[in-house]
Amino acid sequence: MRKAIAVVLSLGLVRGMLVGMAGAGAGMGVTVLLRAALGLSAWNPGPVVAIGTITGVLAYLAGLGAFSYWIRWALVAEPSKEGERHRYGWTRYLCVDINHKVIGIQYMATSILVIMVAGALALIFRIELSTPGRTIMGPGLYNRFMSLHGISMVAATLIGVSGLMNYLLPLMIGARDMAFPRLNALSYWLIPPAVVLLLTSQAAGGFDTGWTAYPPLSIKAPLGMQLMLTAFYLVGLSSILGGINFLTTIFKLRAPGMSFFRMPIFVWATLATALLQIVFTQFIGMVLIMLLLERLLGLGFFDPAREGNVLLFQHFFWFYSHPAVYIFVLPGLGVISEIVPVFSRKPLFGYKAVAISTLGIAVGGTMVWGHHMFAAGMEPYLRIPIMMTTLLVAVPTGVKIFSWLATMWMGKLKLDTPLLFAMTSIAVFLVGGLTGIPLAIVATDLDLTDTYWVVGHFHHTIFGGFVFPLMAAIYYWFPKVTGKFLNERLGKLHWGIMTVGFFTSYLPYFWLGLNGMRRRVYDYDPGLQPMHLVATVGGFMIGLGFLLLLSNLLVSAWRGARAPANPWHAQTLEWQVTSPPPEDNFPLPPQVVGSPYSYGVPGSVHALMPPGGAGEDGGKEAT
Amino acid sequence: MAVIAHTAHKDKLAIHRLGLWLFIISDSFLFLGLLFSRFYLQGVRRPPEINQPLGLAISIVLILSSLAAYRGETAAAYGDIKRFRRNILLTLGLGALFLVGVGLEWSEAFRSFPPSTGYGTIFFTLTGFHAFHVVTGLLALTVALLPGQRARLQEGNSWGVEAVVKYWHFVDVAWVFIFPTLYLVS
Amino acid sequence: MPKARKHLLILAVLVLVATAALAYLFLQFSFLPIPASSQASTIDKLFSAMFAIAGFFLALCLIAMLYAAIAFRRRRGDASDGPPIQGNVALETAWILIPLAIVIGLGVVGGLALEKISAAPEESELEVKVTALQWAWLFEYPEWGVRSGELRLPVDRPVLFRLTSRDNDVVHSFWVPEFRVKQDAVPGRETALRVTPNAVGDYQLLCAELCGLGHAYMRASARVVPEADFMAWIESLKQ
Ligand code: HEA
Ligand code: HEA
Ligand code: CUA
Ligand SMILES: [Cu+2]
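As you go down the protein sequences, you meet chains U, L and Z in turn.
Read left to right, the first sequence gives residues 1 to 623 (the working numbering).
Read left to right, the second sequence gives residues 1 to 186 (the working numbering).
Read left to right, the third sequence gives residues 1 to 239 (the working numbering).
Check the hints yourself; a few may be wrong.
[What the hints assert, rightly or not] Chain U stretches covered by chain Z per the calculated footprint, using a threshold of three residues with CB under 8 Å from any CB of chain Z:
1. 136-148
2. 298-312
3. 339-349
4. 371-378
5. 386-396
6. 448-458
7. 512-523
Hints were generated in silico from the structure; no laboratory data involved.
Here a beta-carbon is modelled for each residue, glycine too, at the ideal position from N, C-alpha and C.
Using the sequences provided together with the hints, build the complete structure.
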């Protein structure tokens, strides 16, 4: 018994959460006492909970052991790496571990968990939407569920892209780990308290503002709002720290011979994503704190009665959140660029243009934030320039799509699940991008804004740029990560159900939007019901797809067929090491000598592996 | 922050430097956003009650502290531990003095333009965010004085000192932008 | 390589057919509610242009992909790689320049359309002050000094809406789907919206910005009536 308790307590997550709860309680207690001593009303939930959150998160991190190395570093010259020796087995994933592969898996698991919860919420409110009027819930609960769905999915996406980049980046550039492994661990461990805060917000009245949290509505919202803002802030902080780490890793730790134009496109995508993360996340962090200050201390940023301006929030929110949508999709588009050449057995068509278009999207996407505010009373002189910059982003995006198609053209397409999912991604993302064009044009956006057209647009772009590429990535890299194959037959079923379900669910949104279906309402005109019903059915098919994925993951991890080092005969570096990769990836650095995608070029390889560290073949020929 | 890679000591230093610079660049966008808010909400308005002499005084204190930090860094690079400690202690003292100045400023501001007013909102937020950075800078400087860093200095590794001093300069430069936007423009 | 040419030819034919089919679909079934303002007809034209462009690119990309999946799928037992084509400068330039030209064109057309729908007309405008509050609409006709909880407009007369929300209220948004245009009502500032209703009928004004519990029901009736009926209504309000 005692031994069992000791084992459970040795898990960082458990320890951290317990200490964190104690820390939160202590922080709240001290604040209450202090307030009483100062003669204020002792229990004012806002400030008391705010202090409790801060002390709680700090205590949790300390209890977890996220700071232990740095504390030792402050005290002794050569800090021991005590506690960082490798654990084995699943307990490793519940402790602070500084190996990027472990951290990547931690991120991915968290992301999928949050997607499941947020998706389940969506299915619940889709039931509400299946008939006009009240079906199973009233407007209050609907707004709360819808808001929690939105922000959780956004968080899950940010977590998911961090996971992909964490696992793959060092492997793809031939590094043994990230540049700052302990910072990397800290970035991950900021996420669990964010998830906990998001969930507890529902016990504190929830929040009903949508994920956008526009004031003044968010100033008036219940305490749950505050917890959501703190959670969002933690995810942002994690994102900034991650970005610094990715950039340093790319700039400093590439294997010898890996010039910029020999990097896989996924690495380019990571570069662009990380740039966006470190620059723009600061603005959302700032504006979230402003909102908290206005709620807690009565500052007047957004209150017109005190010279504040409601639009200041919207400007800053979108100044981050638009670049953020490219943070969501760039890694996913990178995944598609990895998979398409391998399964077409042809080089990536126009590699350089694709690489540069990645940066082009990121840079172009920085000056378009105002397209979310065309109808918001924004400064009128900004409308036309922002319409123009928004439209220009279509060009580099088009380059990517056309290059993928040209890669497949005349290839030898091996229609395995990764390629099938990549093709669904392309189709879905294309529809999402093309439906963004009428949104970018001011005159038509004035009709479409805040309708289901927008909802349809972004579910397409996010599914096409993140969710479906994530599926493709899982089927593609699962053999690398675990050394086992996923079940191909189940995979194809999963693909079919999800693809059909997706279009069933989301194509009707465009029709609905054109016909007067507003966003964020639980009741609507009865004439719209048929399409809503179709959409709900589609939503459940997507949910079923997720369940199939889960069962495939569990069954295959348990008894999947053994996978060799390079089952797809790919050329990028991660496939040149064993499956799963060795603890420190490359015992000796590989020597990069050529393009990562030169399929079909006789005798070409991406890298020469030092003897002893190489996989079975260099991915030259297919079998 | 140790580095696991195929890297020699010199490369490690370059990695650490790049990481620090990226952090500083990233953080400077926070201040950019704050400065933007000031002009967006208040234009170039400035209440006459603002205490310019006090503002100037604390600016000078902060610049002096940066100077001391610089001398401390040079001393550390040459392995002169005594001079390093003296200068960093001086930096800490000046930094603390700056915070006292901000405190005085705040108590005055509370009377003339409290945080619930338009200008007060901006004033308290900008100075507050900056003061928070000063506090973290002071903590970092203190860490540089702890035994771990001292032992590393004796081995000729002054990276820790360099890092906190760079950060301190950054905090100082941020103030160089904040001071005129809050106290001078009109 | 004649075989390569054959594939391209088939693709071109399929894309043309599909684009035509999509265009027919869009024209045959109007996906929009009836237009009831002069702004709406400008906007609907823009919609048609964009649906045509989107239809073409949709057809092009989807058909190319499906065609590749079928025609270029790997045959059983074939273990060789595809041809090592790295790229094609002319083609890549084309697919940068053509979309570039299209989006610049769309930007110009879109900008002109925006000018057109928001320009002040020559005739005198009917001014309506709109106050949005949680959760109701208030309409004021300063010309006659009357107020009402429902919106009535004379047909064919340009209207200038001046929208606000109160300082302690939240953001709302004014939308009549048949008018096509939308404008937020923001606390602390006045925003403007121009509409020239041109079809008599009963429409609904919907609040399009999430504003709390009553958002779904923040609606008001918006009726476009002949001039004479409108004046009669104003008279009845005066009493
Ligand atoms: C997740 C990723 C993502 C991506 C990649 C995009 C991509 C784009 N988005 Fe989207 N968008 C969102 C996520 C995303 N968006 C979200 C979440 C919202 C709503 C937020 C909220 O309010 O809650 C939103 C909202 C949104 C709005 C505001 C709507 C409103 O509220 O009124 C606008 C307006 O301009 C817009 C435009 C665009 C455009 C022009 C692109 C372009 O980048 C698309 C470019 C791609 C293509 C065009 C297709 C491929 C190109 C070709 C085949 C070339 C040929 C094409 C032409 C010549 C046209 N989006
Ligand atoms: C990554 C982003 C993402 C993803 C994947 C989704 C997925 C889904 N979304 Fe979401 N959505 C958003 C991001 C996303 N959404 C955002 C940002 C908003 C805006 C919010 C706002 O306006 O503020 C939004 C808004 C939004 C709306 C508009 C609400 C409104 O305006 O009133 C709707 C309506 O139908 C909707 C539906 C769905 C559905 C049916 C799914 C489905 O695909 C979900 C599929 C189901 C699952 C993935 C779950 C499967 C799991 C189970 C069945 C088992 C459950 C088990 C356990 C929990 C253990 N979403
Ligand atoms: Cu008012 Cu929604
Ligand atoms: Cu955007």
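Discussion item. Can you confirm whether chain Z covers the region 371-378 of chain U, using C-beta to C-beta distances below 8 Å and requiring at least three such residues?
Written reply: holds (count 3)
Worksheet item: How does the coverage statement for the region 386-396 of chain U fare against chain Z, requiring three or more residues with Cβ below 8 Å from a Cβ of that chain?
Response: holds (count 6)
Worksheet item: Taking a Cβ-Cβ distance under 8 Å as contact, does the region 339-349 of chain U have three or more residues in contact with chain Z?
Response: holds (count 5)
Fill in: Coverage criterion applied to the region 448-458 of chain U (partner chain Z; beta-carbon cut 8 Å; 3 residues)
holds (count 3)
Discussion item. For the region 136-148 of chain U, count the residues whose Cβ lies under 8 Å from any Cβ of chain Z; is that count three or more?
Written reply: With 3 residues close enough to chain Z, the hint holds.
Worksheet item: If you look at each residue in the region 512-523 of chain U, do at least three have a Cβ nearer than 8 Å to any Cβ of chain Z?
Response: holds (count 9)
Practice prompt. Examine the region 298-312 of chain U: at least three residues should have C-beta closer than 8 Å to a C-beta of chain Z.
Written response: holds (count 7)
Consistency with the previously given hints is maintained throughout, with no hint failing.
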